[in-house]
Structures are given as structure tokens and as C-alpha cells.
Amino acid sequence: MDYLEFKISCTEPFREILIAELSEVGFDSFLETDEGIDAYIQEDLIDREAYQEIIDRYKEAGKIEVKEGKMPKVNWNEEWEKHYDPIFVGDQVYVRASFHEPRPEFKYEIHINPKMSFGTGHHATTFLMLSHQLTLDHSGKRVLDIGAGTGILAIMAHKLEAAEIEAFDIDEWCVENGNENFDLNGMSKVRMGKGTVREVNPQGEFDIVLANINKNVLLDEMEVYSGLVKKGGKLLLSGFYEHDIADIQSRASSFGLSLLAQKTKDNWAALILEKI
Amino acid sequence: MAKEITGYVKLQVKGGQANPSPPVGPALGSKGLNIMEFCKQYNARTQDKMGQVLPVLITVFSDKTFEFVVKTPPAANMLLEAAKVKSGSAEPNRKKVGSVTWDQVKEIAQVKMPDLNAFKVESAMKMIAGTARSMGITVSGKAPWEV
Chain A
141 MDYLEFKISC TEPFREILIA ELSEVGFDSF LETDEGIDAY IQEDLIDREA YQEIIDRYKE
201 AGKIEVKEGK MPKVNWNEEW EKHYDPIFVG DQVYVRASFH EPRPEFKYEI HINPKMSFGT
261 GHHATTFLML SHQLTLDHSG KRVLDIGAGT GILAIMAHKL EAAEIEAFDI DEWCVENGNE
321 NFDLNGMSKV RMGKGTVREV NPQGEFDIVL ANINKNVLLD EMEVYSGLVK KGGKLLLSGF
381 YEHDIADIQS RASSFGLSLL AQKTKDNWAA LILEKI
Chain B
-7 MAKEITGYVK LQVKGGQANP SPPVGPALGS KGLNIMEFCK QYNARTQDKM GQVLPVLITV
53 FSDKTFEFVV KTPPAANMLL EAAKVKSGSA EPNRKKVGSV TWDQVKEIAQ VKMPDLNAFK
113 VESAMKMIAG TARSMGITVS GKAPWEV
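Chains A and B are the protein sequences, given in the same order.
The number in our numbering is simply the position in the first sequence, starting from 1, with 140 added.
At position 24 of the second sequence the residue is numbered 16 (our numbering), and the sequence of numbers has no breaks.
Okay, chain A solo, but in the shape it has when bound:
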């Protein structure tokens, strides 16, 4: 989806006022510039009338001038993705991009070209989730990856010989990119779905459920996750800080999930919970 860009020049006090008012009519992020602000909104979400009403209201007092443009859908992360280092998880897993050399001496090689999706192994939460996965027997198991990003955890499950894998994400980029990464890792039969766990509504129970998202989403969806894990099955969670472990654990416990293991790195945490 394309974004509309409004380069707004204004006097200093009106920078904050415009941000406050535009955020009330659907604009969610702004860049502060020397001249004023750059405001952005998804093209299909703009309420033209409400936007214009705000601009007109302060036009004179704030000496406002606007230049409107359109931002195409492109991979803004391309510059970083051109030259990052590969990731090693212990001595078993090597996560690389296409521009890195293959390293057949590693037991598990994961091939990821991220294209503005989350999950290259660089972030502590991905690293911790991969580390946790290495401690679990995936062989012949049914695995679900919720908020899959690049699909890296689902791919790890495939390398660990899971029998059946489902994965989805709310972001269109991730769906496209996840499928490309599945193809790169010999998983062309697995297709990434789009939506939240409630929208996708996966059927049946899973031996292992993976979710590296964020605290608010995990707390909100915990009951759904619990319903998806079979008795004795494992739920792996990350995307939150060490100091949030107690909140996550307490919520999980109220839905019959008991803490089995936890790992932390750079203040981030990842848990393995078991369905009792």
C-alpha cells in the first residue's frame, strides 16, 4: 500500500499542534524537519475533509504551506540488508543471506533474505527463540509460527524435521518475504498466511507453538495460544523484556501453561511453557 507524504512548513509552536491534531485523524508517525513536519498516512486511510479542516484552521496563524507527494512501496531496509554479518547460534546454526558464503560444516544452515521483515537472528529475541528450539524435539511434530516475520523460526522447525508447519503474519511484506525464504530453504509446500491468530484461526492442536511478537499482543492472545497447544505440548514466547517475565508467566499460568525454561540476552527474554 502506498503512503501519502505531506511536507508541512510551519512556525515552531504549530509543529506540535499539527502533530497532536493530525494524529487524531489517522496520521500515526511524523518526521520533525527544520521547516516543520513531514506527516504520513496510508493512502486508503486518509480522511481528506478532516485533514484539510486542520490545515485550514491553522494556515494563517502558523504560516502553513504544504507539499503533497506519494511514497511508493519499497524496501526501506535495503541499505542495511546489503551488508550485514551472518549469525551463529552456538556451533550448530548458521543464519545467512544470499550474499554470504554457504558453511556446510554447520548442522543447520538457514537462508534468509529479509526484505524489511523481522527475523534475521540479529535481534536477541530471534536468537533466544532459535536457541530454545534447539533444545526441543521437533521430529515428526506439528508446529505453528505466529507473527512469523521472515519465517526464520518456521524454517528452523523444518530443519529440525517437523512434520507439519503453519506460519502467518499480519504484514503483507512478511507474507511475501516469508514465502520467498521458505522456497530458499526447500519448504515450497509451506505457504505463509496473513492475519492475526484470531483472523487466521488455525485448526487443531499443535505440538509446538512459536510466537515472537510483543508483550501486549502476547498477553492479549495467550488464551488463544493455550487452546492451540496440545497437552504436554510447548509454547515458546519472546518479544518482551526480562522485567516482563512475571506478567507473561502469570497470564500463561491462568491458561494452564507452566514455565519450563527461560533464557535472557541483552535484557530480552524468551520462555518455554508447557501445556499441563
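Simulated from the structure, these hints should not be mistaken for lab results.
In this text the structure is predicted, and so the values were computed from the model without any measurement.
All residues carry an ideal CB built from backbone N, CA and C; glycine is no exception.
Which bits of chain B does chain A cover? Going by a derived footprint, with three or more residues having C-beta under 8 Å, they are:
#1 -1 to 5
#2 24 to 31
#3 34 to 44
#4 76 to 82
#5 116 to 127
Each computed DMTMM-like pair below joins lysine to aspartate or glutamate, with the alpha-carbon atoms no more than 25 Å apart:
#6 B:63 to A:384
#7 B:78 to A:196
#8 B:78 to B:40
Based on these hints, arrange chain B on the given structure of chain A.
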């Protein structure tokens, strides 16, 4: 040795809702930063201020790493909330849309103090009152320093 700073980026993003679309994507991507890393960190750090627009100052280093500081919400947002109105006035001098008390201005000033160029609460209150005036929000009663 301290890392060399190559620039700063000032954004205002809703708490818990950063994503790689504009302006986050182009602003950070053009500097070679890992946008996804920023979004994950920002969303985790602001999860308790979900949906509130928050100013964030990002320091960019020469090795393509970054640090960021999340600041207090804009005074204008707090004023709209305190006055219980959705928007300001088209003619702030003639047509008022709502009012706040000096106590409310003081509360906002105290929250905003760390980010304002003011050493005294009184100075910060004057700045907040100025923003209120520009929006057509009256500050009712006498200023504490006039009493």
C-alpha cells in the same frame, strides 16, 4: 573510544506501533540502520504508552548502529486531553474551544520539564500556556505568580 555520531533523526511515533513504513522506514533506512531492530525496541519500550504519539530522538553512529531516547508526549496532545476537546480553534484569539486550569498547566509543565528548555516550572508553565493560547484553549483564573 566513543563512537562517532553521524546524525540525529527526530520522529514522533505512536507508542507500541512503530513499523517500517514512512517516515520510520525512509528516515532510518537512508542512514543504513536496521529499521526492524528499531521498531522492535521502540515498541517494547513504549508498550505502556500504546497509541500515544511520542517524540523520539535517534542518535546515529558511524558504524550504522543507533541509540534512542523517548521523550514526553507533546504538550498539545496533553492540552487537548486536559480541555476534553478534539481540536483547537481556527481563530484562537476570538473563538475559544475550551479551557484548562493553571493546576492542569502546572501538571503538564511538570511532565514536560525534562524536554523543555526551562529551568523553572514557572517558565515551563508559560510555554505550555502559550501553546494553549495558540490552540484557542483558555487558561482560567490568574497565573500563580500573579496572585
